[in-house]
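2 protein chains.
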Amino acid sequence: MSDITFSVTATAASPTRTDVQARNFSLVLDEPPSLGGTDSGPNPVEYELASLAGCLNVTGHVVAREMGISIESLTMTLSGALNPAKFMGQSDADRAGFKGITVEMKVSSSADEATLEKWRTTVESRCPVSDNLVNGTGVSIKVTT
Amino acid sequence: MSDITFSVTATAASPTRTDVQARNFSLVLDEPPSLGGTDSGPNPVEYELASLAGCLNVTGHVVAREMGISIESLTMTLSGALNPAKFMGQSDADRAGFKGITVEMKVSSSADEATLEKWRTTVESRCPVSDNLVNGTGVSIKVTT
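Chains A and B supply the protein sequences, listed in that same order. Residue 1171 is where the first sequence starts when you use the working numbering, and the numbers rise one by one after that. Residue 1171 is where the second sequence starts when you use the working numbering, and the numbers rise one by one after that.
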């Protein structure tokens, strides 16, 4: 299969608000007032969790089809904790981002527990966003004026 | 500073569409028809790029304030390529996610080149989403029925 390239463009509408264009879709990211923003949309790390949720859904259904198991319903809660001190320039003691992400998946399926465990590990390894987070991904930033 | 916990909830509206709730905000993720979806929203890896864009904007302005430099405008293009073969279960030759992410930042600022280079490296290290991608982040998935 050939590589697929995905791209978005983004504009700083304010120091906290970012307007993103992904193909024909517009997204708004902001920070809540408690983090200095104007709360026009979810913040970047909430988008990070949303990205993982969407990827686990799609991958979950692809893998379930392959395994011949049904998923009647799927809901998830995703959480992560971070210390804002490094982001704010106050301390390097903790890393900047989430220290870890937990995902609780509630699945309605007739598959037994061992089958769902195999499903879970397969989904985790084949989900592109999970792979990018768990195994790390190079980010190359070029600045022009 | 204390840790801050961020959470979202998600529902599989279809095998490709995910409805996410982040506080009072609703987000829709889907896949384009070319990837088997109904194109109700950007796809998960486009959200991943959006998340990084938003984080670089916020962190960019925090660091600029500290350094005493102005940012009159900031636009970005973010891109990544991935091979869908692992996601589709066809091959493990390539990783599942983006092989790398490139960010082109166009900054309008009176700061000189050396100052902007220091700004860039500081932003990259202090942006939570960039940290999560570059340095890797544990994802713990628990399935309940």
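Please note that a few of the clues may not be correct.
Pairs involving identical chains hold if they fit within one copy or between any two copies, as the list cannot separate such chains.
Claimed, not checked - Simulated crosslink set (DSSO-like; lysine-lysine; CA at most 27 Å straight-line):
#1 Lys1312 - Lys1276
#2 Lys1276 - Lys1288
#3 Lys1288 - Lys1269
#4 Lys1312 - Lys1288
The set of hints was computed from the structure by calculation and includes no laboratory data.
Verification of the hints:
1. Lys1312 - Lys1276: Between. Shortest inter-copy distance 9 Å satisfies the 27 Å Cα cut-off; intra-copy 41 Å does not.
2. Lys1276 - Lys1288: Within. Shortest intra-copy distance 15 Å satisfies the 27 Å Cα cut-off; inter-copy 45 Å does not.
3. Lys1288 - Lys1269: Classified as both: same-chain Cα gap 26 Å, cross-chain 26 Å, threshold 27 Å.
4. Lys1312 - Lys1288: The answer is between: 12 Å across copies meets 27 Å, while 41 Å in one copy does not.
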